[in-house]
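Residue numbers (the numbering used here), protein chains in the order written: chain F, 1 to 219; chain U, 1 to 219.
In case anyone wonders, no lab produced these hints; they're calculated from the structure. Take the hints with a grain of salt, since some may be wrong.
Note that the list lumps identical chains together, so a pair holds whenever it fits in one copy or between two copies.
With a Cα cut of at most 20 Å, we get these calculated SDA-like pairs of lysine to any residue [what the hints assert, rightly or not]:
1. Lys121 <-> Pro195
2. Lys121 <-> Ala202
3. Lys121 <-> Thr152
4. Lys121 <-> Ser100
5. Lys121 <-> Glu147
6. Lys121 <-> Thr189
7. Lys121 <-> Gly135
There are 2 protein chains.
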Amino acid sequence: MDYAPSPRTTPTRNPARVSYDRTTAHAVLDEAVVCHVGFVVDGRPVVLPQLHARVDDTLYLHGSTGARALLAARDDGLDVCVTVTLVDGLVLARSAFHHSVNYRSVVVHGTAHVVTDPAEKSAALDALVDAVVPGRAAGTRAPDRRELAATTVLRLPLTEVSVKVRSGPPSDDAADLDGPHWAGVLPLTTVPGAPVPAPDLAPGIGVPDHVTGWGRSGS
Amino acid sequence: MDYAPSPRTTPTRNPARVSYDRTTAHAVLDEAVVCHVGFVVDGRPVVLPQLHARVDDTLYLHGSTGARALLAARDDGLDVCVTVTLVDGLVLARSAFHHSVNYRSVVVHGTAHVVTDPAEKSAALDALVDAVVPGRAAGTRAPDRRELAATTVLRLPLTEVSVKVRSGPPSDDAADLDGPHWAGVLPLTTVPGAPVPAPDLAPGIGVPDHVTGWGRSGS
């Protein structure tokens, strides 16, 4: 089922590129390693990169968004806009004007709250580790009570959500098609390199499958 | 010369990771294909992905940030926070708690104004095309008067700027070093694929060097 449009998720430009498709939104949120969290401090915008994890229709944010914002979130919650963007390619038109980028982005508006329930917090932290490397949470030493207390996790319901996608070739004006300029798309992909073991890794511990398999299905 | 710290570019967490180094800030801004622009609408945050180009100590933003924001910028300017983040690797510690990401990010605070001078606007649009693919602006049909009028460019001075960098291996607690878990870094890189010519590309137009050479020196 699609997300319901709201005034602030209704586009003023390129409406054909916008949808409210839940499956696409989830896929983009899941593939992105970082999100950008916007909030308002003293009437002015602040945007910080952050790790996130989606569990069903909830987005969890790792709470290192600065002490002031977190304090605000402890009371009435924190109004946030969370945006993720995956760049799929550079769109090179004959005309400078029609240059673009192929991308998939998701914008989430809502009010984030600090997760206080210990079970939810523990599950959210597992999800945050697994969002970076699927399967990783089971391959680590789980957080102890002190570490859980030292970590803040924010919960943001996925209700006001929009997706924007641009794909395909450049859209040049007909008059430019006979011009001398090359046009097309340069695809971009994020690829993992060879894993770099920690300098203090004990001998005999091999690279686990969840590391070597990263990126083969989702992020 | 470094940028001068301000209250809102002074970190509340991990101060050792933050700097005001101009050269690093410029390199991160130049390498990133998209930025995330935050602004305030009706007291609430909005964050949208955007193309940007740096010219010396000015950041130009391609003005498709929505009509309301642009209208606001036409008068007193628009308070924005522009953030770019490059993800260099996934930091996999023995403990879930010490998981992290290697990244380079830049946060710019300031007031953006619409560029009205035609010469500055034309140069900024060239810079925006060259920011996506260096050398590309000279390999395209330049904007005509109608296209220039249809495009909005915002100018943001680079004065309130901070850089945050995390690099290197995971930082596990001493007590975890003898544990059974693999630890290390999975490097991530953005790589170009083979250029995809536009379906309507005239025969005999080869892929230019500025396309095949993308990413070999900066973005």
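Here's how the hints hold up against the structure:
| no. | hint | verdict |
| --- | --- | --- |
| 1 | Lys121 <-> Pro195 | neither (29 Å within a copy, 45 Å between copies) |
| 2 | Lys121 <-> Ala202 | neither (31 Å within a copy, 57 Å between copies) |
| 3 | Lys121 <-> Thr152 | within (9 Å within a copy, 44 Å between copies) |
| 4 | Lys121 <-> Ser100 | between (40 Å within a copy, 18 Å between copies) |
| 5 | Lys121 <-> Glu147 | within (11 Å within a copy, 51 Å between copies) |
| 6 | Lys121 <-> Thr189 | neither (33 Å within a copy, 31 Å between copies) |
| 7 | Lys121 <-> Gly135 | within (18 Å within a copy, 49 Å between copies) |
Violated hints for the displayed structure, listed by number in ascending order: 1, 2 and 6.
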